[in-house]
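Hey, can you piece these two chains together into the complex? The hints should help.
Those sequence lines, one after another, are chains B and A.
Residue 54 in my numbering sits at position 54 of the first sequence, with consecutive numbering throughout.
Residue 10 in my numbering sits at position 10 of the second sequence, with consecutive numbering throughout.
These are computed hints drawn from the structure, not numbers from a lab.
Computed from a predicted model, the values in this text were never measured in an experiment.
Wrong hints could be hidden among the right ones.
[As the list claims (entries may be wrong)] Far from chain B, by Cβ distances over 12 Å, these chain A residues were calculated: (1) 77; (2) 84; (3) 86; (4) 97.
[Claimed, not checked] With a straight-line Cα cutoff of 25 Å, these simulated BS3-like cross-link-like pairs (lysine-lysine) come out: (5) A:136 - B:199; (6) A:9 - A:136; (7) A:132 - B:112; (8) B:192 - A:20; (9) A:8 - B:203; (10) B:199 - A:144; (11) B:203 - A:20; (12) A:136 - A:8; (13) A:105 - B:121; (14) A:20 - A:9; (15) A:8 - B:192; (16) B:203 - B:242.
Note that CB positions come from ideal geometry on N, CA and C, so glycine has one too.
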Amino acid sequence: MEWYYAVGTEQRGPITEGDLDRMVSAGEITEQTLVWHDQLDNWMRLTEARPMASVNTVVGAPPPLRSNPLGNRVGVGVEPARSSGGQASAIRIPSLNLKGSEMPLPDHPIAKDYGASYALKPHYLHLYPAILRRKETVEAKEVMEAGESSCFYHPQFAATQVCSHSGRFICDLCATEWNGQIVSLQALHDAKASKKSNKLEDKRVLWDDIALALAVLPPLLIITWWMAFVTAPAALFICLWKWRSGPTSVVRRSRFRYLIAGILSALQVFGLLYFVIAISSSI
Amino acid sequence: MAEEYRYKKVSSGGGFVRQKIFFGEDHMLVIDGQYTETYRRLYFDDIQAVVRCGNGYSIVLRVFLIIFMMFSAIGMLSSTDFFNWGALIFFVIFLSFLLNSFWCKGSCDTAVKTPLQLVRLPSLNNVRKAEKFEAKLTEAVENKQGRLTSEVLQEALYGSQ
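So that you can see chain A by itself, here it is in the shape it has in the complex (with noise of 0.2 Å):
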């Protein structure tokens, strides 16, 4: 009988990303697939920087969006009845996935990096996400390796001077 781990979610992808991750008890489980599922395992001793990087994927969408509603604007107006009901549904689907975009404070590509490699982390596409998921890699992380203050930093970078 394999031994029981037990994981709480931190990440579950969304859209077609097919990725979720998992924090244990000394590691973050990242998995990737929908009906085979590859394990990735990233101790926590192990982790040694959070990178996020900004990427355009938002606002091409947030473009798009705006367009789509105008369009469903103009066809909300130019009815004949009072109101075009369908053309209404269509505008306020937009403006939801448009206020949503903001509200998730945009686009990212995220990643974790150990000494051996960089592990990219598709689910954590947006900044939200990828904030709320530092804060809680971040408890786990010091819980195991303490705090790297800045003194500790510019000691390793400079030497002491």
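One chain only, chain B, in its complex shape (with noise of 0.2 Å):
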């Protein structure tokens, strides 16, 4: 049987059963190549024509390749059909139903009902052209001639940046960019552990959420009023404490949550107060 597959737009073959199993294992043909053989009516991807071959050889002329010969809407459930070949053939979008299976990238930036073949499930992906962009690999250069100066970090590199904050001469393994400056991974380090920017924060504890829930949730739960008595003092506490550095979240949010859980915890206290001193009285 001799066969013909579809190169981008362009009809190549035709090439025997044993040049195209050749040709698979080589990874020339994928599974998703378009193929044809006299015994098909149109052109199809190996994986659904490869079950339908048999030992004919009858040679006929191959219908016309189209522009889209699986007759998809453009963009829509379109999976690569061509043997690919370019940078970007090896580049694989994880999918988000099955653990460990990718899929190759789509014809088009927006796709829609695409791999369900690789994943059991149609996804949708929108890519933008960092989908595109090689991966950056940085290498520094050793210190050859004796004029040279070399990294503060890396005495054996040759420096070739200054650090925007400590003035420190760097190699580019050290280097990095940082608010449009050219900075030093350490220097980003110090900035981050001194909380010069919240930009580089990647943790923090919400003070005002967390005495909102010790003034509401104790009298609102019934049960655990008596809790109060310890929750109520603390909440008031730490409005007092943090009311002057205000809410802690790098996002901008209002003193409201420190209001109410102070009005609220203040009312509890003085009224835990007066039912002690009631109670006491009375005994």
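Put into structure tokens, the structure is as follows:
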């Protein structure tokens, strides 16, 4: 049997069954490549065409190869049909429903109902130009000449930049960009430790939420009202302690939670005091 | 004094999901947690794709809501009085949840892909929310990266032929 296969919109072949096997094992033809032989009505993917192949060797001419031979709407459910050879053909998108399964890139930046054959469920993908960007690799040049300055942190490497924060000479391995300046990773680490920039922080405690929860939850749950003996003074203390510094979240928040927590906890404290005094006087 | 960054809220989670998403000038801030916030910053320049996949939660929810509505309807009609107002209130509540489920276009899992990771965003748990988020993200990302066209993508995939 003689096979034809598609590369882009171009038809190639005929090739023998043996050639086809060899090209499949070499990765030149993938399971998604469009193929045709004389017993097929139209072009189809290799995975679909292979089971239908027989030893009949009647040779005919393949039908014309259309730009979208599978007849799908552009960008809907279209999986890469052509044999891939570009630099992006190795890029994979992990699926969301099946751990470990990945999908090749679709033909269009926006793909609906895509990848069901890879991940069992169709996915929606929206690709941005960064998907085609090559991964950056940084190499530092070793100090070769006597006149060259060496990196402060890696004396064996030549310095190529100056850290904007510390003024130290640094190599490409140490340099990074921060707020439009070249800084060393150490300077960045120091800035994070000293909390100079909230852009570098990865965790914060929300004292306003804690105070509000302490003030509201024990009386709200009724059976835990007695816990207010502890939680109400604690909430009041947090409100007074943190009022000046304000809410701690990175995103902007008002002091509204402190205000509510403060009023509620103060009412509870006075109520509990009254309760204790009333009980003790009656005894 | 720490530098101040202005953020705009994009998604605030909902239900049991404790995740909020904000957009800054050059990055997206994903905040997880209730009393201790954990921050993840995804720079618009690094975002490669938005991935979304439908899941079956909304179907299960709709089935349960329809069953509850049926019970409420039976309660409404089986009353010896003219009308059982208590059952009617439950019926209306379940109906509003059901209509909301259809209005949200079903449940889904959403994630953002960067060169190093796939960041899942459980706060974007329905298609309507995810679409709104995607529109805003696309605007922000395309301001930084430009637009990816089919021609460029196909040339990168198959080479110039």
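| request: Please name the hints from earlier in the document that this structure breaks, with their numbers sorted from lowest to highest. | output: none
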